[in-house]
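Colleague: Sequence:
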Amino acid sequence: MQLSFKTLPGEKISTVELGGPLGGLQDKIFISSKNEVRGYTKKGKVFLGFDTNLTESINSMHVIGSDLLVAGTHVYNHFKDCKDVNSYLSSDTINDLIALSVDRTGRLTSILACEDRVLRVIERSSLILTANLTSPATTLILLNNNGGDSGDGIVYATQDGQIALLHIARSKYNWKWIIGNAKNREAARVLAWHDMTKDGTQDLLVGRDDGTIQIYGEPLERVSDTDPLIERYNYTCNESITSVQGGAVGNSAFDEVIATTYTGWLFGLTTEVLEKQVSLDTNNSNVSIKLTAEDKQKIDRLKSEIEDIERSVVKERERYQMATQEDSVGISVIPYLNINDKMLLIKEESLFQLTIEMETAIDNILLQSDIPIKLLDVEKNSAVVSHSGADSGNKVIATYRCQVNTTKVSLIIEIGNESGTLMAYVTPHAQPKACHLRTYPLRHLGHYYRTHTFNSTR
1 MQLSFKTLPG EKISTVELGG PLGGLQDKIF ISSKNEVRGY TKKGKVFLGF DTNLTESINS
61 MHVIGSDLLV AGTHVYNHFK DCKDVNSYLS SDTINDLIAL SVDRTGRLTS ILACEDRVLR
121 VIERSSLILT ANLTSPATTL ILLNNNGGDS GDGIVYATQD GQIALLHIAR SKYNWKWIIG
181 NAKNREAARV LAWHDMTKDG TQDLLVGRDD GTIQIYGEPL ERVSDTDPLI ERYNYTCNES
241 ITSVQGGAVG NSAFDEVIAT TYTGWLFGLT TEVLEKQVSL DTNNSNVSIK LTAEDKQKID
301 RLKSEIEDIE RSVVKERERY QMATQEDSVG ISVIPYLNIN DKMLLIKEES LFQLTIEMET
361 AIDNILLQSD IPIKLLDVEK NSAVVSHSGA DSGNKVIATY RCQVNTTKVS LIIEIGNESG
421 TLMAYVTPHA QPKACHLRTY PLRHLGHYYR THTFNSTR
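In our numbering, the protein residues as written are 1 to 458.
It cannot be assumed that every hint is accurate.
No more than 27 Å apart at the CA atoms, straight line, and that leaves these computed lysine-lysine pairs for BS3-like [what the hints assert, rightly or not]:
| hint | residue 1 | residue 2 |
| --- | --- | --- |
| 1 | K80 | K43 |
| 2 | K6 | K28 |
| 3 | K12 | K45 |
| 4 | K198 | K176 |
| 5 | K342 | K296 |
| 6 | K45 | K34 |
| 7 | K43 | K6 |
| 8 | K80 | K28 |
| 9 | K374 | K347 |
| 10 | K374 | K315 |
| 11 | K298 | K342 |
| 12 | K342 | K315 |
| 13 | K342 | K12 |
| 14 | K315 | K347 |
| 15 | K42 | K28 |
| 16 | K433 | K12 |
| 17 | K395 | K183 |
| 18 | K43 | K12 |
| 19 | K433 | K315 |
| 20 | K42 | K83 |
| 21 | K395 | K374 |
| 22 | K83 | K34 |
| 23 | K342 | K433 |
| 24 | K183 | K380 |
| 25 | K347 | K176 |
| 26 | K172 | K183 |
| 27 | K12 | K34 |
| 28 | K342 | K183 |
| 29 | K6 | K45 |
| 30 | K80 | K12 |
| 31 | K80 | K45 |
| 32 | K342 | K395 |
| 33 | K83 | K12 |
| 34 | K172 | K198 |
| 35 | K80 | K34 |
| 36 | K347 | K380 |
| 37 | K380 | K342 |
| 38 | K183 | K374 |
Just so you know, the hints here were simulated from the structure itself, not pulled from any lab data.
Kindly produce the complete structure, drawing on both the sequences and the hints.
Modeller: Rendered as structure tokens:
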């Protein structure tokens, strides 16, 4: 892999989308940062710098020809040729945004995935349809990247781990299939389409919060169009998946899956068989790869460079640790680290799942609660928990000590009828030692969730 181009440092990039003319090659790169949208060619030349003048930062974006669709926390805007033509104010948080295929439907229809478990269908500035879901939708994608034969098919993932196909017409909608979450995996945050099996049909690539990457394909014998996709392959890493795409990057002869994680890792999964024997003996016919003397020199040189870099890193780390000691001369700055944390209700079991993830390794997490709670461990956890005696103002004090290079910790919390506060003191494995405080209100009302229909006979 080689670096094609690199932009100058700036504000945090929230979304990246591809765009181009309708029906043409989508080779333009659009990025959003705060309330600004910039466009780049595939060679890195800037051709668009557009300040939307929105009060909210852009969290979702979709590009169709000269139409730019953006959404913040509650406001959706439609720009045509960089002119604001339509807008809509949502009553709840917008998680994602997409539009139906204009080529196949003949109209520009936007779909908003909202936190109140509703898909809102927008035409111009009007709400024309709402689709009620069982759980908030986390991400949206067009069926086969084009909406299917009719252009109105969208696939969405929900917070409870399900994936479904929905067809949206002008005045009605209907589900084709729903993939359940029998293995209790976490929510899917990214979806993509790519033909991984070279059978002429698109496969669905799924990236989840628990680090699972899945590839779904068509069933071998489809009886009805309502039969859901089946899982063909899966891979699990220890970090949340933030992006996933299919293509041919490392080897043009084999299809690959490229994924990124919350801590910044970029890695690839390939369909190529990598179990090969390597030998310097060019006369040995039992090996798959024969290295020449020149290849051997390149490998030795790379190994030497890696060893030099490792020694330099160790030396700089020791020097930094010595400089940050209490009795040393100098000023140490506490690093600011982002924390990806969320507390979700598991409504089937009336439990809460708390997940804390950092960009660097976590040393320990101290939990302090002023009401009685029960801490239940998660199977994937590698942290060791120890409980301490609580004073009169606290009911629970527990410490989770993490193993080396642990960046994510999940735990299950069971609360009773009392209301209180849970405080989490997160200490990263870094110098100087610093603690990040996160506060979570515990309410008995949190066991309840919104319903779309009310049964008056109960």
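Colleague: Decide, hint by hint, whether the structure agrees.
Modeller: Hints, verified against the model:
no.: 1; hint: K80 to K43; result: 25 Å, holds
no.: 2; hint: K6 to K28; result: 15 Å, holds
no.: 3; hint: K12 to K45; result: 19 Å, holds
no.: 4; hint: K198 to K176; result: 24 Å, holds
no.: 5; hint: K342 to K296; result: 49 Å, violated
no.: 6; hint: K45 to K34; result: 21 Å, holds
no.: 7; hint: K43 to K6; result: 10 Å, holds
no.: 8; hint: K80 to K28; result: 17 Å, holds
no.: 9; hint: K374 to K347; result: 17 Å, holds
no.: 10; hint: K374 to K315; result: 44 Å, violated
no.: 11; hint: K298 to K342; result: 47 Å, violated
no.: 12; hint: K342 to K315; result: 37 Å, violated
no.: 13; hint: K342 to K12; result: 21 Å, holds
no.: 14; hint: K315 to K347; result: 50 Å, violated
no.: 15; hint: K42 to K28; result: 6 Å, holds
no.: 16; hint: K433 to K12; result: 26 Å, holds
no.: 17; hint: K395 to K183; result: 33 Å, violated
no.: 18; hint: K43 to K12; result: 21 Å, holds
no.: 19; hint: K433 to K315; result: 20 Å, holds
no.: 20; hint: K42 to K83; result: 25 Å, holds
no.: 21; hint: K395 to K374; result: 10 Å, holds
no.: 22; hint: K83 to K34; result: 18 Å, holds
no.: 23; hint: K342 to K433; result: 24 Å, holds
no.: 24; hint: K183 to K380; result: 13 Å, holds
no.: 25; hint: K347 to K176; result: 25 Å, holds
no.: 26; hint: K172 to K183; result: 32 Å, violated
no.: 27; hint: K12 to K34; result: 7 Å, holds
no.: 28; hint: K342 to K183; result: 20 Å, holds
no.: 29; hint: K6 to K45; result: 10 Å, holds
no.: 30; hint: K80 to K12; result: 25 Å, holds
no.: 31; hint: K80 to K45; result: 22 Å, holds
no.: 32; hint: K342 to K395; result: 22 Å, holds
no.: 33; hint: K83 to K12; result: 24 Å, holds
no.: 34; hint: K172 to K198; result: 35 Å, violated
no.: 35; hint: K80 to K34; result: 19 Å, holds
no.: 36; hint: K347 to K380; result: 21 Å, holds
no.: 37; hint: K380 to K342; result: 17 Å, holds
no.: 38; hint: K183 to K374; result: 24 Å, holds
Checked against the numbered hints above, the structure violates hints 5, 10, 11, 12, 14, 17, 26 and 34; every other hint is satisfied.
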